[in-house]
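K.L.:
Residues per chain, in single letters:
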Amino acid sequence: MIRFVLRRLLAAAVLLLIVLTLAFAVVALAPGDPMAPTDPRIPPEQAERLRALYGLDQPLPVQYVRWLGAVVLHWDWGQSYRTGQPVAELLFDALPPTLLLAGAALLAQYLLGIGLGLLAASRPNSRLDLGVRVASLVVYALPTFWVGLMAVLVVAVGLGLAPAGGMTAAAAFELGPLAAALDVLAHLWLPALVLGLSMAGDIARYTRSSLIEFQATEAGRAARARGLSETRILLVHGLAHAAPRLLQLASVSAPLLLSGAVVAEVVFAWPGLGTATLVAIQSGDIPVVLAATAYGAVLVIAASLAADLLLTRLDPRISVE
Amino acid sequence: MRRSSLPASARTGAGILGLLALLAATAPLLAPFDPAEQLDAAESSRRPPLSSLLVVRTVDREPLLAERVTVDGDDLVLERRSGSLRVPLSSATNHGEEGIAERRRNWLGSDALGRDILSRLLHGSRVSLTIGLLAACLALTAGTLVGSCAAIGGRFVDQALMRTVDGLLCFPHLALVLLLAALYRPDTTLLVLLIGGTGWMGLARLVRAELLRLKQERFALAAAAAGRSPAGVLVRHLLPNATTPLLVDASLRVGACILVESALSFLGLGVQPPQPSWGSMIADGQSHLTTAWWIAAFPGLMVAAAVLGSSLLADGLSDRLAGLGDRGRVRRRSPWAIRTWLGVRAVEAKRRETQGESSW
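Residue numbers (the working numbering), protein chains in the order written: chain R, 1 to 321; chain V, 1 to 360.
Source of the hints: derived by calculation from the structure; they are not laboratory data. Being a predicted model, the structure only gives us computed values, none of them experimental. The beta carbon of each residue, even a glycine, is placed where N, CA and C say it ideally should be. Fair warning: there could be bad hints in the mix.
Stated by the list, open to error - Here chain V is said to cover these stretches of chain R; the calculated rule only asks that three of the stretch's residues, wherever they fall, bring their Cβ under 8 Å from a Cβ of chain V: (1) 135-144; (2) 149-159; (3) 260-270; (4) 275-284; (5) 289-298.
Okay, chain R solo, but in the shape it has when bound:
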C-alpha cells in the first residue's frame, strides 16, 4: 500500500514538473514582450531596468532554471507585474474561497445526482425515470455561466433568496464567528448549486445504471431473498455497489469542476482563483497567470490522487499492485 502511494506521489510529481515546464514554455515562446512599455512616455532605460529586475534580460534556459528553482525550493512565484505583491501571497488568499466553492459544488452534485439516480432506479422505465434522464441531458447542455446569470436574475434579484454575488456581506468584519459562517453560507449555496448542477446529471445516470445493474447481481437477489425492503436494498446495498464507480467519477470531474469554478467565480464575483486568473490575464500579469495555471494543475492532480487512494480503501476488490 505504501509503495503504491509512493509510486502515485512520484507520478504526480513528474506530471507536475511537466505541467510547469509546459506552462513556462508556452509563456516564454509567446510573441511579444510582457515588459514592453505600453505607455510611450515610459523611457526605454526604465523598461530595461524593469527587465533586469525581473531577470528577463537573461537567456531563456537560465530564466527557466531560476524560475523552477525558486518555485520548487522556496515556493516563490515571483512578483505580480501589476501590484508588485508576491504572487504566492496573492494566490494564497484566493485559494481557500475556490476550495470552499469547489468542495461545496462537489457535495451538491453528489447529493443531487445520487438523489435523482435513486428516484430513477426505484421505478425503472417509468415517466419519472424518463424525466430524470431528460433532465440530466438538459442540465448538462446548459452553460454553467449562463445558468449562473439566470440564477442571479431569478433567485437572487427576483426572489431575493440569496445575495447576488461576493463571498461575504460588506459588514462581515463586524460579525461574530457563527454569524460570519452563516453569512458565507448564504453567499455560497447558490454558486455551489449552479456549479454542481452540470455534473449532477452524469452522476444521476451512473447511479441509476449501477443500481439497476446491482439488482440483477447475486448480491442483489440475495438481498431481496432475505426479505429486505426495496428502500434498504437500494439505499444501503445498492449504493455500496455503486460507490466505487461514483468515486471514479469524482476524479474525472475534478478538472471540470475547477474549470467550472473559474466561470462561476466570474459570474458570482467570488474572490477565488478563477477571478484572480482572469484579472491577471486581462492585465497581462504573466507571473500570476503562470502560477494560477500551476495551482490549478496541483489541485486537479491532488484530487485525482485522493480519489484513487480512497477508491482502494473503499473497494477491497481492487488490488493496489
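Given the coordinates of chain R, assemble chain V onto it according to the supplied hints.
P.N.:
Chain V alone, transformed into the frame defined by chain R:
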C-alpha cells in the same frame, strides 16, 4: 414501411443540429437586420423582445427612431425616451399618406448598443457552430490517430502514448486554454486549434480500448493470418468496426466544444468583437442583467439547444451501439461489418476443410 434504424432520441438530436446548421447557413437571408447595425443607439438600446419602433428617415441626418409619431402643424413630433423631438415635416423622406409606415421590430429585443438580438444570434450561430464542428473534427482525428498508434504500435509505443494521455487528461484544460488565449490574440483558427487540441485525450483512450478488443475478434485474427499488415488490418477491418463508438464520441464532442467556446467567449478570450458569438453575447448581457434579461437569456438557450442536440444524438447512437433501437429491433450490420464477417466465415470454412471437418 421501412423505419429509420435510429432511435427517436438520435433522430431528435440530429433534427435539432440540422435545424441549427440550416439557420446558420441561411443567416444572412433570415436575419432581419445587419448584426452590427446600430441605428439611433440612444433610442434603440435595450428594447424588450417583440417591441418595435418607427423609423423616421430625414434628408439631413441619420434615421431617427420613435415610439410614436404625430403631425403637429409643419412638424413631425417624435415621442422618444429622451422626450419629444420635433422634426420639420418637409425633411422627412418616408412620411406618406398613413404617416410613418416603416417599423423596426426586434423580435428578441435589442442589446445595449441597439443591435438586434435575433440577427446577432443567427450570425453568431455560424461562428459558434463552425468552431464547435471544426474543433470536434480535429479532436476526433487526433484521438483516432493516437489511439490507433497505441493499439497497433506495440508495447513501447502504447505505453509512451498512454502515459502522455494520462498526463494530459489530468491537466486542467481550461487553465492551459486560458493561458494560451491570454498570450495570443484569439481568432477562429487559434480557437479551433486550442479547443480541439485539448479535447482528444479521452477519445484516444476509447479508440485504443475498442481496437484492442476488436483485434482479438476472429475476423481481425483471420485478416492478420491471411497476411494483411497491421496497418491494413487497422484501416480495413478494425476502424470500420469501431465507427459507432467513434460517432457517439464525435457527437458528444461537438457539444462539448461548443460549451468550451461559449465559456471562452464569455470570459472575453474567445471570439473577438464585433464578430458575434453566443458566448460573447451572454457576456454583453451580464452587465445589463437586471434591466435587460433578454440580452443574455437567448444566446444561452441557443448554446443549450446545440449541446442538447449533440447529447441526444450521442445518446441515441449509443443505444444503437448496445444493439437495440427504440422498438427493440436487432441492429443491422454495416456493409463493412458484413464483409469482415463473411471473410471470417470463409476462413473458418477453409480451416475446417483442411482439418477434414464437414464444411457448412
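K.L.:
If a hint holds in the structure, say so; if it doesn't, say that too.
P.N.:
Cross-check of the supplied hints:
As drawn, the stretch 135-144 of chain R meets chain V at 7 residues by the rule of a beta-carbon pair under 8 Å; at three or more, the given contact holds. Using a Cβ-Cβ cut-off of 8 Å, 5 residues of the stretch 149-159 of chain R lie near chain V, which meets the minimum of three, so the contact claim holds. Requiring three or more residues with a Cβ within less than 8 Å of a Cβ of chain V, the coverage given for the stretch 260-270 of chain R holds, as 4 such residues are present. Counting residues of the stretch 275-284 of chain R whose CB lies closer than 8 Å to any CB of chain V gives 5, which reaches the minimum of 3, so the coverage claim holds.
By the rule of at least three residues with a Cβ nearer than 8 Å to a Cβ of chain V, the coverage given for the stretch 289-298 of chain R holds, with 6 such residues.
Checked against the numbered hints listed earlier, the structure breaks none of them; every hint is satisfied.
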